Amino acid sequence: MNTLALADPGAELEIVGGKGESLARLARAGLPVPAGFHVTTGAYRDFVARHDLRKAILSGDAGEIQALFAAHEMPAEIAADVRAAYEGLGGNPAVAVRSSATAEDLPGMSFAGQQDSYLNIRGADQVLDAVKRCWASLWTERAIAYRDRHGISRDEVAIAVVVQELVPADAAGVMFTEDRDRLTINAAWGLGEAVVGGLVTPDTVTIDRAVRMVIDQRIAAKTVMTVRTAEGTREEPVPPGKREEPVLTTAQAVGLAELGMDIEELYGRPMDVEWALHRGRPYILQARPITGQREVWNDSLKGDYLWSNGNLGEAIPSVMTPCTWSLVQAFISEIMIVSDLGGHPMCGNIGGRVYMNMSLTASLGKSLGMSKKIRDTQLPVYGKLPEGVETPLLPMSRWQTLKAAKPMLGGRREIQKLVARIPEYIATAPAITEELRAKIAGSNDLVTLWQDEVEPRFAECNRMLAAAARQDAGSLVYLGARLAKLVGEADATVLMSGVQGGDGRLESLGPLLGLARIKRGEISREEYIGRYGHRCPDEFEVSAARPVENPDWLEEQLAGLTVDPAELLERQEEAGRAAWRRFHERYPRKAAKFRRDVDRWEAIVRSREETRSEMMRGFWMVRDFVVRAGEVTGRGDDLFFLTISEILDVLSGSRRPLTRVDGRRATYELYKSLPPYPGIIRGRFDPERWAADPDRRGDVYDAAATVAPPSQTISGFPGAAGVVEGTARVLASVAEGDRLGEGEILVTTVTNVGWTLLFPRASAVVTDVGAPLSHAAIVARELGIPAVVGTRNATMLVRDGDRIRVDGSTGSVEVITEAALVLS
0 MNTLALADPG
10 AELEIVGGKG
20 ESLARLARAG
30 LPVPAGFHVT
40 TGAYRDFVAR
50 HDLRKAILSG
60 DAGEIQALFA
70 AHEMPAEIAA
80 DVRAAYEGLG
90 GNPAVAVRSS
100 ATAEDLPGMS
110 FAGQQDSYLN
120 IRGADQVLDA
130 VKRCWASLWT
140 ERAIAYRDRH
150 GISRDEVAIA
160 VVVQELVPAD
170 AAGVMFTEDR
180 DRLTINAAWG
190 LGEAVVGGLV
200 TPDTVTIDRA
210 VRMVIDQRIA
220 AKTVMTVRTA
230 EGTREEPVPP
240 GKREEPVLTT
250 AQAVGLAELG
260 MDIEELYGRP
270 MDVEWALHRG
280 RPYILQARPI
290 TGQREVWNDS
300 LKGDYLWSNG
310 NLGEAIPSVM
320 TPCTWSLVQA
330 FISEIMIVSD
340 LGGHPMCGNI
350 GGRVYMNMSL
360 TASLGKSLGM
370 SKKIRDTQLP
380 VYGKLPEGVE
390 TPLLPMSRWQ
400 TLKAAKPMLG
410 GRREIQKLVA
420 RIPEYIATAP
430 AITEELRAKI
440 AGSNDLVTLW
450 QDEVEPRFAE
460 CNRMLAAAAR
470 QDAGSLVYLG
480 ARLAKLVGEA
490 DATVLMSGVQ
500 GGDGRLESLG
510 PLLGLARIKR
520 GEISREEYIG
530 RYGHRCPDEF
540 EVSAARPVEN
550 PDWLEEQLAG
560 LTVDPAELLE
570 RQEEAGRAAW
580 RRFHERYPRK
590 AAKFRRDVDR
600 WEAIVRSREE
610 TRSEMMRGFW
620 MVRDFVVRAG
630 EVTGRGDDLF
640 FLTISEILDV
650 LSGSRRPLTR
660 VDGRRATYEL
670 YKSLPPYPGI
680 IRGRFDPERW
690 AADPDRRGDV
700 YDAAATVAPP
710 SQTISGFPGA
720 AGVVEGTARV
730 LASVAEGDRL
740 GEGEILVTTV
750 TNVGWTLLFP
760 RASAVVTDVG
770 APLSHAAIVA
780 RELGIPAVVG
790 TRNATMLVRD
800 GDRIRVDGST
810 GSVEVITEAA
820 LVLS
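According to numbering that gives the first Met the number 0, the residues represented by the sequence shown are 0 to 823, in order.
Fair warning: there could be bad hints in the mix.
Stated by the list, open to error - Okay, the calculated beta carbon distance ranges per label pair: (1) R588 with K301: 51 to 57 Å; (2) P587 with L401: 43 to 49 Å; (3) A468 with R576: 40 to 46 Å; (4) P587 with M795: 35 to 41 Å.
Claimed, not checked - Straight-line C-alpha distance at most 30 Å; calculated DSS-like pairs for lysine-lysine: (5) K484 with K365; (6) K484 with K589; (7) K383 with K371; (8) K405 with K365; (9) K301 with K416; (10) K484 with K371; (11) K54 with K383; (12) K241 with K402; (13) K372 with K416; (14) K438 with K402; (15) K484 with K383; (16) K671 with K592; (17) K671 with K371; (18) K402 with K372; (19) K241 with K301; (20) K438 with K372; (21) K383 with K372; (22) K402 with K301; (23) K383 with K405; (24) K592 with K372; (25) K484 with K592; (26) K372 with K301; (27) K301 with K371; (28) K589 with K372; (29) K405 with K371; (30) K592 with K416; (31) K405 with K438; (32) K416 with K365; (33) K671 with K301; (34) K416 with K405; (35) K365 with K402.
Hint data in this document are derived by calculation from the structure and do not stem from the laboratory.
It should be emphasised that the depicted structure is a prediction, and the values quoted were computed from it without experimental measurement.
Positions of the beta carbon are idealized from the N, C-alpha and C atoms, including for glycine.
With the hints as extra help, turn the sequences into a complete structure.
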């Protein structure tokens with residue numbers, strides 16, 4: 000049995016795959032499904048058996064397996080059955096040839112897009128070729144890796160193929176029936192691939208189920224559409240006259256909604272439905288259960304932007320839960336005043352990781368005539384772009400950009416008014432936040448507490464950090480460059496370190512220095528816990544426990560402090576005194592002014608870090624709120640997979656947001672299983688496809704392919720001066736910190752306050768992510784440890800155990816002897 004009619008009663012999962020089974024069910028129910036047929040899993044298995052491919056499938060790599068599929072002919076009887084089924088459609092029609100694996104479109108396990116589909120295929124020979132390519136797509140690197148992550152063995156899975164007449168769609172889109180009272184339809188011109196693939200922002204139509212009426216309609220500017228061509232399909236611009244024209248009439252939207260409700264009733268659960276219209280007639284192309292369906296978190300699909308994690312990636316190094324992302328969005332809107340510019344996002348969520356949209360700031364800089372100044376300002380914060388990577392500008396005129404930026408400019412003035420309050424805020428913030436944490440622990444009316452006290456306090460913590468960060472920001476950016484021009488890079492680094500000994504030192508050093516003070520008996524354990532118990536490597540992530548929640552944490556920290564930082568600090572302070580003496584001797588008239596400038600710079604950095612610590616105490620407070628909400632509702636850590644507004648809905652009695660938990664948890668676990676994405680991303684980026692690519696680059700992804708080939712040299716920003724040779728210890732996370740031996744060179748992707756304890760043990764520090772104002776650069780400078788930051792490629796080119804030379808004055812790293820040779 001090589002083929003089956005589309006609606007055949009025997010079209011079950013193990014025979015026609017998940018997609019085929021769903022389409023057969025729709026067709027049998029009399030729904031308007033395009034005519035077609037199935038090529039069964041039996042045909043696939045027969046092909047594998049005839050050509051003895053099982054051994055290669057079980058043990059070969061993706062390239063070997065696919066090459067075998069391409070090299071072998073389809074058996075004559077299978078080919079004859081497929082030809083006959085195609086000819087039975089009549090008239091040599093254009094068809095869609097879609098893969099349908101046996102582990103696909105299942106409740107809780109979508110697997111959507113893991114195998115290939117081919118559109119606008121015409122003629123029996125072309126159909127046979129497309130069927131064989133669909134079979135081979137079961138064994139791409141991406142599909143294999145995806146199934147491995149879900150625990151599906153190679154021997155379990157098989158693939159069928161669905162061949163259907165291709166609807167020459169005038170319009171298409173998707174429909175969601177998950178809301179109890181409403182249905183939502185997304186619609187765009189042309190074939191549905193532009194909507195499903197995120198190429199276009201579609202119209203959104205909301206229909207009230209009870210009265211069968213359109214209650215909301217948002218018309219998007221639809222710039223792109225997918226159309227048929229003789230070779231397949233392509234994207235074309237939408238004619239200007241149709242871009243802002245509604246895709247659906249009211250009657251068409253209501254008609255689609257009625258079909259959606261019929262499908263939901265057929266399956267007995269909320270559904271995700273793909274549809275098309277041709278000459279006003281609707282067709283159902285696919286339907287999947289929504290329950291447990293994995294989501295896509297990918298703002299790179301929203302446009303051609305340049306994304307960087309050069310600053311935010313240091314603060315938020317991990318994949319975020321939905322709750323954390325909702326809080327980060329609130330944080331960004333306070334820090335940046337607005338969350339978008341003309342509809343273009345200020346920051347984005349790409350595969351669960353946070354990125355800043357550099358296209359937005361570049362466009363704003365050009366419109367203000369300040370492109371160079373903004374580039375110079377961003378360089379010490381976000382780092383350098385890889386060679387060849389361009390920053391695409393937003394598709395907005397100068398007038399549109401300036402108009403959209405008005406709230407941002409006004410908001411900055413409001414934030415500046417808070418600067419005078421910073422000293423008082425820092426002095427009182429811990430007690431106020433701790434008082435609120437106590438209220439949360441005993442509250443049963445969490446919604447009122449959030450609205451009246453918790454949310455306002457959280458917003459204030461964010462606003463005060465924004466105020467501290469904006470104090471004469473230019474001095475942070477330009478002072479180091481001015482000093483380096485006068486006294487050289489090494490002395491400039493020393494002059495800008497040694498920030499007022501004792502308690503006046505930077506908050507980033509606080510957890511480290513505090514441990515040393517406990518050992519010297521200068522402070523109690525309780526004092527230390529009260530000040531630093533909320534600081535950790537993943538402190539933005541509210542699902543992550545704070546250190547103080549672990550009763551053994553402080554003793555483990557004290558045991559890990561194997562090198563007292565006092566000697567490093569004394570050495571750096573002496574180097575600072577000597578550097579100031581040299582400055583006075585060379586530039587007696589300038590020394591006093593620069594000393595005042597450096598003192599002001601140090602005060603700004605100190606207040607910025609202190610307000611950052613209190614902001615993180617605010618995130619800890621919100622973590623307490625979510626944990627308490629989980630207790631009150633009986634849903635525990637499920638609530639970390641909802642946004643804050645959804646959590647408030649659940650606390651108010653709604654159960655609807657909870658239907659999204661399983662799918663989001665699966666999405667989170669998937670993204671968390673992938674390696675960290677490149678620090679620079681240009682254009683549309685698919686985290687799964689990138690992770691499955693054996694030739695992937697960890698430094699940059701450029702969809703426009705303008706980036707230069709990967710460099711085999713390692714260079715970055717001079718973080719702290721000095722030259723060191725030693726053994727490289729490449730750490731993926733701070734949890735591996737016990738592998739770093741005293742005097743070894745720490746090499747990692749990015750550091751933050753949670754890594755500070757490791758610095759005195761290291762003879763030098765090298766990071767992929769970072770810039771002169773990053774954590775690694777500042778802490779290394781304070782301790783006098785040579786550092787090179789923002790290399791982009793150090794963890795790609797340095798192997799654990801290599802002997803390397805780090806020059807913190809020039810920002811260069813050299814591999815002297817590879818690890819294999821060192822071991823021999």
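Task: Violated hints, by number in ascending order, as checked against the structure - done: Going through the list in order, the structure violates hints 3, 4, 9, 11, 14, 16, 17, 20, 31 and respects the others.
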